[in-house]
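Line by line, the protein sequences are chains W and F.
Using the working numbering, read the first sequence as starting at 188 and increasing by one per residue.
Using the working numbering, read the second sequence as starting at 419 and increasing by one per residue.
To be clear, the hints were calculated from the coordinates, so they are not data collected in a lab.
Beta carbons: idealized from backbone N, C-alpha and C, even for Gly.
Honestly, I wouldn't trust all of these hints.
With a Cα cut of at most 30 Å, we get these calculated DSBU-like pairs of lysine-lysine [to be verified]:
id: 1; chain 1: W; residue 1: K306; chain 2: F; residue 2: K548
id: 2; chain 1: F; residue 1: K555; chain 2: W; residue 2: K311
id: 3; chain 1: W; residue 1: K205; chain 2: F; residue 2: K532
id: 4; chain 1: W; residue 1: K311; chain 2: W; residue 2: K375
id: 5; chain 1: W; residue 1: K368; chain 2: W; residue 2: K424
id: 6; chain 1: W; residue 1: K274; chain 2: F; residue 2: K462
id: 7; chain 1: W; residue 1: K393; chain 2: W; residue 2: K213
id: 8; chain 1: F; residue 1: K555; chain 2: W; residue 2: K318
id: 9; chain 1: F; residue 1: K548; chain 2: W; residue 2: K311
id: 10; chain 1: F; residue 1: K548; chain 2: W; residue 2: K318
id: 11; chain 1: W; residue 1: K424; chain 2: W; residue 2: K375
id: 12; chain 1: F; residue 1: K555; chain 2: W; residue 2: K306
id: 13; chain 1: W; residue 1: K311; chain 2: F; residue 2: K550
id: 14; chain 1: W; residue 1: K324; chain 2: W; residue 2: K368
id: 15; chain 1: W; residue 1: K213; chain 2: W; residue 2: K274
id: 16; chain 1: W; residue 1: K274; chain 2: W; residue 2: K318
id: 17; chain 1: F; residue 1: K555; chain 2: F; residue 2: K462
id: 18; chain 1: F; residue 1: K550; chain 2: F; residue 2: K631
id: 19; chain 1: F; residue 1: K550; chain 2: W; residue 2: K306
id: 20; chain 1: F; residue 1: K555; chain 2: W; residue 2: K274
id: 21; chain 1: F; residue 1: K548; chain 2: W; residue 2: K324
id: 22; chain 1: W; residue 1: K324; chain 2: F; residue 2: K550
id: 23; chain 1: F; residue 1: K555; chain 2: W; residue 2: K324
id: 24; chain 1: W; residue 1: K274; chain 2: F; residue 2: K550
Below, a sample of chain F positions facing chain W; criterion: calculated Cβ distance under 8 Å [to be verified]:
id: 25; residue: G537
id: 26; residue: A541
id: 27; residue: G546
id: 28; residue: N637
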Amino acid sequence: MNDNYITLNAISKHYSAKNGTVEALKNVSLSLPQNEIFGVIGLSGAGKSTLVRCINLLERPDTGEIIINRENLLNLGSEELRLRRQKIGMIFQHFNLLEQQTVLNNVCFPLEIRGIPRKERREKAMGLLEKVGLAEKAEAYPSQLSGGQKQRVAIARVLANEPDILLCDEATSALDPETTKTILGLIKTIHDTMGITVVIITHEMKVIQEICSSVAVLENGEVQEIGTVSELFVNPKSRAAKRLLLLEEEEDETYVG
Amino acid sequence: MWDSTMTVMMLEGIRDTVYMTVVSTLFGYILGLPLGIALTLTDKNGLRQNRTIYRTLDMIINITRSVPFLILLIVVMPLTKLLVGKSYGSTATIVPLTLAAAPLIGRMVESSLKEVNRGVIEAAVSMGAKTKTIVFKVLIGEARTSLLVGVTIVLGTVLGYSAMAGVVGGGGLGDIAIRYGYYRYDTPVMLVTLVFIVAIVQLMQVVGTLLAKRMDHRNNE
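Whenever a hint applies, use it, and build me the whole structure from the sequences.
So, in structure tokens, the structure goes:
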């Protein structure tokens, strides 16, 4: 029953570029159980951003099905899809906050979209800012915050709609290792306390290791391998996975050296 | 030669110029702002892609923008007469000024709105925002500094056009400059009107820039 909360069924997506077409995703199928932190790893150009954008239909796949909780999102009308999206939160590599609005207004924005009265949304937003440890920055503007703080605002914003799914598109890739750890810790806490299904897109094995339970390795728009994180680290089967692990080791060595 | 009637005439000239410029710009935005929004939404990668609408609007703008203002002024005279009752004077000049300003404003608004970070728009879509909310809160809200700078540019341009209307008795400082400077060879009067025109444009520019800076929260260290 809990199995296959999110199912991507034979998803393909291509883009027309100047020098021919790019096949971003080739017949990708994935099943994600509810309440799990699921990772998708791959190098840049592997198609992972396209993949995560298909889950909330920011990108519409050419073929295939996207089933969330037994409902095929591709069958939804635009208004139904708009409302469904309110329960699928997403955070981004570059945070994507409203630069001209205060931190508090940023967190209020999803509530405003849902038509919640001003007083109520401000109270709720303050509560969320406290939760992410940024209450004292409520009246600041995003340009006055560090990267880590911006991502925490984005997380508070995403929580305002009490989503059942959280999509993280390279959410820690613009952050230093220390901050990455704190943000991942925050995502983990949210997952544990709120019971959200989390999908993490990353190119860093460290992120997968730190927080995910299962992982899919993506290369050239195809899934190379799916399994638990421990399996992947102990016994990587695909060349892509081996390469990613190797890259990580090299990076570690340069850190030490 | 400079007496109180001259002073009164100058003051009236300033009043008429400011009146024509401000009212035409206002009406211009009533037409041009929706035009700019429509261009932004229907262009490729827009939220409501529509090639036909985009191309049609784009063509209308290009055509109207290429008509020299002085010609436009004469061409629309029947319409002006219909709307205002006469084809000369500052109120009448508002009609061609608005028609000249609207497509320019449409383009300015389009370029301002297209500066808005795509990621922020994407985030709003992912939150399930209506297109209307995205237009007002995200596009206009985030581009407000650029939009305001656009307003000052438009005001300057419209003021310049309004001076041209002096040729056909359009009223305002341009009218005075042409009547005295061109028809009567009274260079001093023409220079004085010129100083006023420059001063008005300068003032609008300074105020606009100041306001834009105040409103911008992107980089206030």
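Here is how each hint holds up against the structure:
no.	hint	in the structure
1	K306(W) <-> K548(F)	holds (22 Å)
2	K555(F) <-> K311(W)	holds (20 Å)
3	K205(W) <-> K532(F)	holds (22 Å)
4	K311(W) <-> K375(W)	holds (21 Å)
5	K368(W) <-> K424(W)	holds (28 Å)
6	K274(W) <-> K462(F)	holds (28 Å)
7	K393(W) <-> K213(W)	holds (26 Å)
8	K555(F) <-> K318(W)	holds (26 Å)
9	K548(F) <-> K311(W)	holds (22 Å)
10	K548(F) <-> K318(W)	holds (28 Å)
11	K424(W) <-> K375(W)	holds (27 Å)
12	K555(F) <-> K306(W)	holds (18 Å)
13	K311(W) <-> K550(F)	holds (24 Å)
14	K324(W) <-> K368(W)	holds (21 Å)
15	K213(W) <-> K274(W)	holds (27 Å)
16	K274(W) <-> K318(W)	holds (19 Å)
17	K555(F) <-> K462(F)	holds (21 Å)
18	K550(F) <-> K631(F)	holds (27 Å)
19	K550(F) <-> K306(W)	holds (22 Å)
20	K555(F) <-> K274(W)	holds (20 Å)
21	K548(F) <-> K324(W)	holds (28 Å)
22	K324(W) <-> K550(F)	holds (29 Å)
23	K555(F) <-> K324(W)	holds (21 Å)
24	K274(W) <-> K550(F)	holds (20 Å)
25	G537	holds (4 Å)
26	A541	holds (4 Å)
27	G546	holds (4 Å)
28	N637	holds (6 Å)
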